[in-house]
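Q: This is what each chain is made of:
2 protein chains.
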Amino acid sequence: MTNIAILGFGVVGGGVADLLTKNIDCTAKLGGDEINIKYILDLRDFPKSPFADRVIHDFNIIASDPEIDCVIEVMGGSHPAYEYTVASLKAGKSVITSNKEVVAKHGDEFLRIAKENGVCYRFEAAVGGGIPVISPIINCIGQNRITEIRGILNGTTNYILTKMFTYGKSFDESLKDAQAFGYAERNPDADVLGIDACRKITILTALATGKLLSTDKVHTEGIISIRSEDVKAAEKLGMQIKLLGRCIITDEGMHVLVAPFMIGADSPLSTVSGVYNAVEVIGKPLGNVMFYGQGAGAGATASAVVGDLMQIMRSGRNYAEPVWTRSDEGLLDISTLESKHYIAVCGADLTTVEAMLGAVQVIENGKELSFITDKLSEKQVASVIERLRASGAKLRSSIRLI
Amino acid sequence: MTNIAILGFGVVGGGVADLLTKNIDCTAKLGGDEINIKYILDLRDFPKSPFADRVIHDFNIIASDPEIDCVIEVMGGSHPAYEYTVASLKAGKSVITSNKEVVAKHGDEFLRIAKENGVCYRFEAAVGGGIPVISPIINCIGQNRITEIRGILNGTTNYILTKMFTYGKSFDESLKDAQAFGYAERNPDADVLGIDACRKITILTALATGKLLSTDKVHTEGIISIRSEDVKAAEKLGMQIKLLGRCIITDEGMHVLVAPFMIGADSPLSTVSGVYNAVEVIGKPLGNVMFYGQGAGAGATASAVVGDLMQIMRSGRNYAEPVWTRSDEGLLDISTLESKHYIAVCGADLTTVEAMLGAVQVIENGKELSFITDKLSEKQVASVIERLRASGAKLRSSIRLI
Chain A
1 MTNIAILGFG VVGGGVADLL TKNIDCTAKL GGDEINIKYI LDLRDFPKSP FADRVIHDFN
61 IIASDPEIDC VIEVMGGSHP AYEYTVASLK AGKSVITSNK EVVAKHGDEF LRIAKENGVC
121 YRFEAAVGGG IPVISPIINC IGQNRITEIR GILNGTTNYI LTKMFTYGKS FDESLKDAQA
181 FGYAERNPDA DVLGIDACRK ITILTALATG KLLSTDKVHT EGIISIRSED VKAAEKLGMQ
241 IKLLGRCIIT DEGMHVLVAP FMIGADSPLS TVSGVYNAVE VIGKPLGNVM FYGQGAGAGA
301 TASAVVGDLM QIMRSGRNYA EPVWTRSDEG LLDISTLESK HYIAVCGADL TTVEAMLGAV
361 QVIENGKELS FITDKLSEKQ VASVIERLRA SGAKLRSSIR LI
Chain B
1 MTNIAILGFG VVGGGVADLL TKNIDCTAKL GGDEINIKYI LDLRDFPKSP FADRVIHDFN
61 IIASDPEIDC VIEVMGGSHP AYEYTVASLK AGKSVITSNK EVVAKHGDEF LRIAKENGVC
121 YRFEAAVGGG IPVISPIINC IGQNRITEIR GILNGTTNYI LTKMFTYGKS FDESLKDAQA
181 FGYAERNPDA DVLGIDACRK ITILTALATG KLLSTDKVHT EGIISIRSED VKAAEKLGMQ
241 IKLLGRCIIT DEGMHVLVAP FMIGADSPLS TVSGVYNAVE VIGKPLGNVM FYGQGAGAGA
301 TASAVVGDLM QIMRSGRNYA EPVWTRSDEG LLDISTLESK HYIAVCGADL TTVEAMLGAV
361 QVIENGKELS FITDKLSEKQ VASVIERLRA SGAKLRSSIR LI
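In order, the protein sequences belong to chains A and B. Residue 54 in this note's numbering is what sits at position 54 of the first sequence, and the numbering runs on without skipping anything. Residue 195 in this note's numbering is what sits at position 195 of the second sequence, and the numbering runs on without skipping anything.
Read the hints as simulated data drawn from the structure, not as lab findings. Given the structure is predicted, the values throughout are model-derived calculations rather than measurements. Wrong hints could be hidden among the right ones.
A pair counts as met if it fits within one copy or between any two copies, since identical chains are not told apart.
In the PhoX-like style, the derived pairs of lysine-lysine whose C-alpha atoms are separated by at most 20 Å in a straight line are [claimed, not checked]:
no., residue 1, residue 2
1, 375, 22
2, 211, 236
3, 236, 29
4, 379, 115
5, 29, 284
6, 115, 105
7, 115, 29
8, 375, 340
9, 211, 38
10, 232, 367
Please put together the full structure from these sequences, using the hints given.
A: This is the structure in structure tokens:
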């Protein structure tokens with residue numbers, strides 16, 4: 001019998017309890033042992049839940065119960081998730097989480113404490129919801145030289161962008177729609193400003209490089225300034241706009257950023273729509289692979305959490321546990337990143353633009369002028385924009401191409 | 001030191017040796033031990049290869065060398081791959097293969113012998129080339145109730161179909177093109193008749209159900225009768241035609257088949273083009289996930305083989321090893337499968353068709369009549385086709401929709 005405790009009985013916690021109960025024969029077979037949900041920690045009581053008798057309010061009961069093998073932290077937020085994780089690991093209990101915030105902030109420390117205590121720390125659900133991403137990157141393709149990881153890591157923003165493209169709605173209308181359907185929080189900042197995607201690309205970067213960056217060092221742009229005009233311009237080019245997390249690894253170091261990108265129809269990421277997520281990994285000699293599925297939701301997230309539990313029960317630490325160091329070493333300044341750019345300006349004529357940039361691919365030349373540049377560094381783009389402004393033009397949009 | 005032997009020094013065998021040599025620091029770290037390629041078995045000599053001194057011609061040297069921990073069988077074909085695999089497992093050596101033919105035929109037996117001898121049998125590269133598919137299905141999502149697995153499992157046919165769609169070429173022209181680029185064999189039967197995809201869906205079905213079907217019981221159609229007119233009809237509907245392997249699991253049993261399907265643009269499979277493969281798994285509570293990447297090629301396949309090696313070195317049998325039984329029990333007759341159908345006929349008028357089927361969605365009503373039916377069982381479709389023939393019409397095409 002493997003005894004577990006669930007910290008947090010919200011959507012994900014409920015999903016985990018539900019999956020473990022409904023698919024009990026699968027999980028017993030896969031994990032090699034029966035599983036007992038001994039405690040569920042929450043501030044609330046759930047008198048009508050079939051798990052009502054497991055609900056407790058004092059974490060110390062869990063930490064001090066030697067029967068508990070594994071703690072599932074699905075509370076979200078940094079505190080007390082951080083303290084409970086450290087205490088659980090130090091008490092010799094493996095910890096599984098879906099909490100990307102705490103993994104992105106403290107993953108290095110948790111992995112170290114887990115190792116010192118001979119237990120596991122797993123976080124498949126922290127990136128891509130139910131999609132197997134973390135485990136395949138470690139177990140299946142880790143022997144490749146990874147040159148890039150890029151992904152649609154946030155379902156809310158992808159839903160909003162899909163609405164803008166499919167129905168020609170504005171950002172504000174699409175956000176309201178997402179909120180009405182429960183896909184966006186009432187305070188949507190963590191999603192639409194790219195903060196959530198930043199945490200996830202930080203975790204993926206650590207998997208590829210062993211270095212856990214400070215999230216505030218990762219260049220992060222959201223989608224709040226994407227306009228209907230940009231959507232129309234992209235459509236004219238047969239492209240999509242997607243909020244991507246990217247980690248590009250070269251001999252010089254790595255560029256890590258979150259930003260909207262215009263993507264051509266030939267990229268598998270361009271077809272990922274609605275609340276779906278996808279992570280593309282490019283490596284040598286593998287080429288590119290992509291993992292696709294629902295990035296959130298009770299069922300999908302519970303699947304990832306329980307998948308981690310199955311792996312811990314079977315393999316324990318007989319597994320290529322990641323070793324992360326907190327370090328920003330090797331992180332390149334964004335100014336050296338080179339991309340083609342879509343630029344839209346008002347009050348500039350094509351002659352002025354081409355005098356600065358040479359021939360450009362013009363998309364619109366009416367009320368505003370929009371065009372695609374050749375590959376330019378961020379520094380060069382900033383200089384072009386500055387010169388356009390100096391000439392009296394007004395910048396409307398600047399979006400990288402991939 | 002982990003000593004391995006590679007059986008077969010062709011494209012894949014060469015790729016494995018190359019990856020293990022080039023990424024030696026990654027693999028040593030991930031696998032937790034250094035790897036030594038002690039033997040390479042091949043009929044030929046390779047005097048110019050850096051591995052020339054490891055090449056041997058007698059399998060018994062490998063089987064009887066107690067230093068060999070793991071045998072990598074990348075020879076292809078059933079014999080002597082079958083005999084070498086059994087002998088290796090019985091000699092207490094784990095076996096890794098990329099050989100779908102031998103897995104689909106004898107996987108149940110190999111897994112049993114591996115268990116009896118306390119070693120591993122792994123075959124990630126047998127489905128989807130370098131794409132992590134087998135391991136994630138077992139390790140990451142096995143706790144779900146899988147209701148369907150469907151995939152583009154053969155790169156050659158997908159390349160041919162992509163050519164037909166992108167360039168309006170005929171099947172024959174596209175096949176010649178695929179042969180010219182080395183994507184199709186001179187004898188392309190195993191690919192274009194669906195035999196290769198049938199082996200792969202048989203393996204995936206065994207993963208989902210524990211039952212290894214006889215491949216000759218799996219309804220298998222190839223792509224040789226897909227016409228340019230069908231491609232045009234699909235395009236008119238905004239759809240693609242893809243050769244899919246499908247395993248559909250219900251309470252009544254399972255339908256397993258390989259056939260071309262018309263797929264709408266909203267399916268992630270519709271955008272998988274060229275030699276790429278993708279496997280979509282649908283489960284409860286997970287929803288759908290898709291694994292995408294290069295389905296063949298030295299680098300991709302080598303990545304999957306070496307991934308298996310890393311996992312064996314780390315976890316050994318501390319892993320949810322599949323248990324398969326050779327059985328066709330539960331396999332439902334294709335006649336009960338229900339789908340919408342695209343049908344193209346000559347010499348029939350719409351009135352006759354609608355008298356049989358009620359209103360249909362007409363695509364073309366010129367030289368030939370093509371239309372989409374409602375959901376019909378295979379039995380009903382066969383009866384409709386028979387009645388159309390009896391009325392003097394000639395069937396041109398019949399393709400299922402998904």
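Q: State for each hint whether it applies.
A: Tested hints:
1. For the identical chains of this complex, residue 375 and residue 22 are neighbours neither inside a copy (53 Å) nor across copies (31 Å), given an alpha-carbon limit of 20 Å.
2. For a Cα distance limit of 20 Å, the shortest separation of residue 211 from residue 236 qualifies neither inside one copy, at 40 Å, nor across copies, at 50 Å.
3. Taking the closest pair of Cα atoms, residue 236 and residue 29 never come within 20 Å of each other, the shortest separation being 53 Å inside a single copy and 48 Å across copies.
4. With identical chains, the CA atoms of residue 379 and residue 115 are never at most 20 Å apart, being 43 Å at best within one copy and 60 Å at best between copies.
5. In this homomeric assembly, residue 29 and residue 284 come within 20 Å of each other (Cα to Cα) only across copies, at 17 Å, whereas the closest approach inside a single copy is 36 Å.
6. When the C-alpha separation of residue 115 and residue 105 is checked against a cutoff of 20 Å, the pair qualifies only within one copy, where the shortest distance is 18 Å, while the shortest distance between copies is 42 Å.
7. In this homomeric assembly, residue 115 and residue 29 come within 20 Å of each other (Cα to Cα) only across copies, at 16 Å, whereas the closest approach inside a single copy is 27 Å.
8. When the C-alpha separation of residue 375 and residue 340 is checked against a cutoff of 20 Å, the pair qualifies only within one copy, where the shortest distance is 4 Å, while the shortest distance between copies is 47 Å.
9. In this assembly of identical chains, residue 211 and residue 38 lie within 20 Å of each other by CA distance neither inside one copy nor across copies; the values are 36 Å within and 35 Å between.
10. Proximity of residue 232 and residue 367 under a CA criterion of 20 Å is satisfied intra-copy only: 14 Å inside one chain copy versus 39 Å between copies.
The earlier numbered hints that this structure contradicts are 1, 2, 3, 4, 9.
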